[in-house]
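Asks: So the chains spell out like this:
Protein chains: 4
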Amino acid sequence: MIGIGVIGYGYWGPNVVRNFHSLNDARVAVVCDKRPESMKRAKQAFPDVEVTDDVSRLLMSPDIDAVAVVTPVWTHFELAKAALENGKHVFVEKPFTSTAEQAEQLVELGSKKNLRIMVDHTFLFTGAVKKIRQLIDADELGKLYYYDSTRVNLGLFQHDVNVIWDLAPHDLSIMDYLIQDKPKAIIATGERHLNTYEDLAYITVYFEGNMIAHINVNWLSPVKVRTTLIGGTKKMVVWNDLEADEKVKVYDKGVQITAGQGVYDLLVSYRSGDMWAPKVDQIEALRAECQYFIDCVTDGKEPFNDGYAGLKVVKMLQAADKSIKAKGRMVYL
Amino acid sequence: MIGIGVIGYGYWGPNVVRNFHSLNDARVAVVCDKRPESMKRAKQAFPDVEVTDDVSRLLMSPDIDAVAVVTPVWTHFELAKAALENGKHVFVEKPFTSTAEQAEQLVELGSKKNLRIMVDHTFLFTGAVKKIRQLIDADELGKLYYYDSTRVNLGLFQHDVNVIWDLAPHDLSIMDYLIQDKPKAIIATGERHLNTYEDLAYITVYFEGNMIAHINVNWLSPVKVRTTLIGGTKKMVVWNDLEADEKVKVYDKGVQITAGQGVYDLLVSYRSGDMWAPKVDQIEALRAECQYFIDCVTDGKEPFNDGYAGLKVVKMLQAADKSIKAKGRMVYL
Amino acid sequence: MIGIGVIGYGYWGPNVVRNFHSLNDARVAVVCDKRPESMKRAKQAFPDVEVTDDVSRLLMSPDIDAVAVVTPVWTHFELAKAALENGKHVFVEKPFTSTAEQAEQLVELGSKKNLRIMVDHTFLFTGAVKKIRQLIDADELGKLYYYDSTRVNLGLFQHDVNVIWDLAPHDLSIMDYLIQDKPKAIIATGERHLNTYEDLAYITVYFEGNMIAHINVNWLSPVKVRTTLIGGTKKMVVWNDLEADEKVKVYDKGVQITAGQGVYDLLVSYRSGDMWAPKVDQIEALRAECQYFIDCVTDGKEPFNDGYAGLKVVKMLQAADKSIKAKGRMVYL
Amino acid sequence: MIGIGVIGYGYWGPNVVRNFHSLNDARVAVVCDKRPESMKRAKQAFPDVEVTDDVSRLLMSPDIDAVAVVTPVWTHFELAKAALENGKHVFVEKPFTSTAEQAEQLVELGSKKNLRIMVDHTFLFTGAVKKIRQLIDADELGKLYYYDSTRVNLGLFQHDVNVIWDLAPHDLSIMDYLIQDKPKAIIATGERHLNTYEDLAYITVYFEGNMIAHINVNWLSPVKVRTTLIGGTKKMVVWNDLEADEKVKVYDKGVQITAGQGVYDLLVSYRSGDMWAPKVDQIEALRAECQYFIDCVTDGKEPFNDGYAGLKVVKMLQAADKSIKAKGRMVYL
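Chains as they are written, first to last, in our numbering: chain U, 243 to 575; chain X, 243 to 575; chain A, 243 to 575; chain C, 243 to 575.
No lab work stands behind these hints: they were computed from the structure.
Any given hint might turn out to be false.
Cut-off 30 Å, straight-line C-alpha distance, at most; resulting in silico cross-link-like pairs (BS3-like, lysine-lysine) [stated by the list, open to error]:
#1 K373(A) to K466(A)
#2 K373(U) to K323(U)
#3 K424(X) to K466(U)
#4 K424(U) to K569(X)
#5 K355(A) to K476(A)
#6 K276(X) to K564(U)
#7 K567(U) to K373(X)
#8 K521(U) to K285(C)
Computed beta-carbon distance windows for the label pairs [to be verified]:
#9 Q524(X) to N257(C): 42 to 52 Å
#10 I499(A) to K466(C): 44 to 54 Å
#11 D402(X) to A380(A): 17 to 27 Å
#12 E526(X) to R468(C): 22 to 32 Å
#13 E279(C) to G515(X): 47 to 57 Å
#14 I499(A) to G384(X): 35 to 45 Å
C-beta: ideal position from N, C-alpha, C; glycine also.
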């Protein structure tokens with residue numbers, strides 16, 4: 243039985259508490275939030291859990307083996323560091339930290355203390371992403387050409403970060419999970435219209451080879467879109483996360499170039515075959531992730547979404563942020 | 243009755259011939275194509291029209307008042323120039339020319355000779371674009387924030403130009419028609435996978451002020467998408483050109499920033515109201531455009547999609563092309 | 243503060259408990275279910291609520307003012323009757339009873355005892371149905387021509403009733419709520435394929451005048467459909483309950499017949515104008531309904547979805563059931 | 243080279259002329275229509291074809307081997323009969339005739355004279371229907387449970403027939419083509435709102451065994467729907483004819499009943515697997531049908547969509563018409 247302390251009971255915290263609470267081999271011992279209203283909500287929903295506004299209560303508690311940090315990103319580093327220093331494993335909300343340097347320090351600390359770090363890249367635990375990974379691993383798609391994601395809707399405006407730090411961690415962590423090629427450089431364009439933070443951004447990631455990724459994030463769209471196209475030499479995928487069923491569609495479509503008669507004569511031929519929507523597991527991704535965290539802590543094994551995975555995403559976020567500030571100047575990774 | 247000569251009877255030429263042919267005040271006198279197969283098709287479809295492979299026949303003919311140039315882009319300049327020099331008005335397929343310099347020469351020549359030049363930006367004559375223009379003119383959308391277009395599908399690969407020259411002229415001409423702000427600089431990223439031409443590209447256009455545009459064009463997408471989001475301070479538009487009806491949807495949605503209590507305290511509030519799909523004219527755009535060309539020639543009035551409009555699009559295409567070759571370096575307009 | 247007892251903690255019961263539990267002026271005192279597993283689940287989810295398998299505990303309790311009956315339909319009559327006889331107001335799951343006779347008895351008993359009866363026609367509390375009712379009340383649609391609902395999906399097979407008793411109560415209660423005309427006769431066709439209950443049915447309801455309704459219910463559909471078309475002389479509505487936003491679309495479309503030149507010469511003209519998707523409240527319908535029940539009990543006012551409304555639906559269900567058994571013979575209401 | 247005469251150049255006639263005109267082994271010799279405006283249109287579109295208003299010109303012409311009857315249904319019998327009597331093969335627009343008796347006479351006459359009769363059930367030549375037939379023939383769907391079609395839109399009101407005669411021939415001919423079971427009885431309900439003809443109808447067809455079909459046709463729908471669900475023991479199909487690609491989707495979904503422990507204890511289990519959209523040929527169905535007609539005439543072979551197939555559809559139309567007039571009384575076939 244792993245004792246869990248959760249710091250932060252705002253928008254996402256209740257989901258983290260509920261899921262750890264529902265597991266057989268975990269026990270949420272303490273929830274910590276400074277806001278009286280949040281404390282009240284936590285108490286009401288989980289009468290059997292201690293609620294406090296004193297984070298040291300939680301960091302010091304011998305009942306607590308692991309700490310979930312579900313607070314604004316600029317607080318992640320200090321809280322996770324304190325938890326690790328107190329011998330607690332940590333589960334940190336995405337994005338992992340505000341800077342790559344912070345992430346590196348935490349990774350090092352975790353390693354030194356032999357403690358697990360897991361970054362909450364929830365999407366990696368969805369049926370859709372797992373299915374796409376299987377398709378790629380089984381070489382169903384062939385060599386990948388591009389990854390093109392659109393993640394737009396109206397709000398939720400963040401008060402402390404721009405749209406890149408808010409929405410792109412999803413795509414960057416999924417990309418990192420699915421694509422074997424190494425990202426090389428980032429160009430981000432975008433604009434701010436309402437306050438001091440960019441509310442829409444267009445991010446291009448160049449990889450080694452000719453793989454390319456593009457991420458369109460926007461807080462000002464009248465409609466919600468969550469669509470990713472993935473093109474490969476053999477097949478192509480459309481993942482529409484807003485579909486109730488049939489989230490992942492695999493198209494037996496492609497283009498081939500063959501040499502024609504003349505030296506410079508290239509013939510382009512199209513292949514257009516069936517479409518196939520594999521059954522995708524309908525699970526609550528966060529529940530699976532919480533269970534996986536407990537398993538990693540229990541068995542002492544390193545999660546795949548560890549601090550290093552979190553670091554890679556933070557590096558790309560920093561690069562994109564630097565690029566957008568410099569009006570789209572290329573930033574190497 | 244305006245006599246028309248059409249040069250080029252490949253993919254788009256038959257549509258141009260058919261539409262001019264159907265007008266009461268125009269007469270297609272000659273169609274010219276060098277390919278025997280094209281000549282045969284033209285002869286079969288329009289038994290009453292002379293078909294030739296000799297372009298000078300057409301350029302010299304006293305029966306011909308205006309020439310439509312529906313050939314590959316690299317031939318536009320020479321053909322349009324010859325037509326103007328022979329005193330013919332010209333209707334030129336988009337993109338107008340291969341370089342801004344060529345476009346400028348043609349504009350100057352047309353002006354000197356007092357001949358009409360129309361560039362075939364067909365989309366400007368669709369019910370959808372006309373409706374969006376009306377909404378903007380009536381200030382229904384407020385000040386524009388962004389224009390974000392996705393135009394992707396499988397093929398048709400061009401043999402002589404990249405995906406920017408093939409697909410982006412649509413978006414750039416529509417953008418130029420709808421947006422009053424002046425474009426300032428362009429960044430284009432993208433990649434080639436199959437041959438020497440880029441097959442996907444992501445183009446950002448920075449405007450004066452904080453208006454921004456983005457165009458996603460892709461020859462390697464398994465699905466066809468033709469969707470444009472337009473955000474304004476008052477309302478937002480989604481134009482999905484693949485919808486049979488309801489192509490244009492107007493959302494009474496928005497975001498407002500108001501000052502909060504503290505100096506740096508900004509309050510973001512969302513507005514989410516009705517959606518409205520205005521009736522859009524179901525006309526054949528090209529037919530309306532051909533009629534408009536005949537009217538302009540007859541009445542000696544300057545079309546709004548004239549050589550200068552064509553030049554502006556070519557300038558942006560050149561800038562985008564230069565940028566993509568330089569891996570996304572910003573190119574000023 | 244109204245004390246509530248809930249009988250039945252299977253599929254729907256937990257929602258009823260959760261919603262009454264969340265209200266300020268209600269208190270769920272007792273939950274009753276005979277199944278140990280259900281009792282355990284209730285205890286876990288609501289540690290502050292008494293759980294029992296003894297229904298008389300609940301019926302006798304002085305702490306309980308009102309009883310919610312959330313059990314299989316064949317048990318509704320006995321349980322609701324016992325509750326009324328013990329002086330409790332009742333909230334009964336749809337369909338109200340197994341027979342019209344039972345419903346009439348309960349209505350009479352409630353009236354005699356001056357107790358409230360509410361039948362849980364949840365859909366009447368959704369934003370979509372409320373909006374359509376507003377449109378009809380404001381005469382936006384004109385005189386109604388037809389109501390055509392499709393409600394199909396895979397499963398959930400019921401073990402004690404056919405697809406009509408399972409799915410049609412939704413449509414029949416909505417129809418009864420929206421349509422002022424009086425239903426006159428019912429024809430139901432359908433078939434059974436897997437067991438002794440019909441798994442798909444097509445129900446036509448003839449009204450006085452030329453209004454007509456049709457309901458397509460099916461447990462064997464590979465896809466889920468929840469779409470209702472409503473046609474009127476002025477406008478027409480499409481309600482797609484599976485859309486996230488824009489559930490209700492109002493079409494300014496119609497047909498008009500005008501006399502032509504000759505005596506028998508009728509001219510049909512179509513009108514096709516804008517489409518409009520009014521904003522629909524995004525509320526939890528059941529919560530609004532529970533609050534309304536508490537209000538009716540507190541204020542002694544008769545709910546619109548009372549026992550009589552429940553009776554009308556049961557009469558139509560019985561008629562449809564009789565018709566389908568007689569291979570589509572018309573059954574008058 | 244088969245000489246063709248076409249009678250009727252209204253809505254569908256031009257398509258028939260165009261397609262026969264495009265075939266290598268057919269020659270449209272004469273088009274006949276009494277309306278001067280139609281004659282003018284025909285002359286303009288096909289300058290090489292003789293146009294007449296004298297049907298006997300066409301019936302007597304030795305250049306004409308086969309006659310296409312593309313006129314209102316009430317004229318089919320006389321025209322087709324005259325053509326057969328003059329030794330011409332006939333291609334008749336659907337529905338074949340106004341009565342089963344007429345259809346029987348024509349079938350008999352065609353047989354006696356050894357002439358081909360083809361009824362224009364165009365949908366049977368679409369890629370979608372051919373694909374579904376292949377799936378059924380390959381026993382991919384298992385034994386069929388139901389066929390449920392919705393074919394609704396605004397207009398086109400016919401002046402001489404009701405919505406059943408206008409729209410249901412499509413579904414009935416497809417049904418007859420796909421389903422091996424024998425239809426036994428028909429119940430049709432519906433209503434008229436604007437003139438003397440029913441403008442919406444709901445048709446149930448009972449088959450031998452427990453196969454059942456349902457057809458929803460409506461001239462008063464604000465939206466166009468062309469969707470057919472087909473359920474079988476093994477797999478289920480959704481055919482949406484309005485989809486650009488992916489018209490046919492095959493769902494590996496189903497329900498199974500197995501005996502439980504007790505005698506009356508049936509266990510229902512659901513199967514929910516992948517979805518698969520097989521590639522469907524993108525051909526012009528009418529062109530394929532015209533070619534098939536020419537082949538049948540040339541080779542003297544009996545088409546599968548012959549007079550007898552037309553007769554079966556007319557029988558069902560008559561039964562449905564009789565039923566709807568009798569307010570849904572069952573009519574045996």
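Asks: Does the structure break any of the earlier hints, and which numbers would those be?
Replies: Numbers 2, 5, 6, 7, 8, 9, 10, 11, in rising order.
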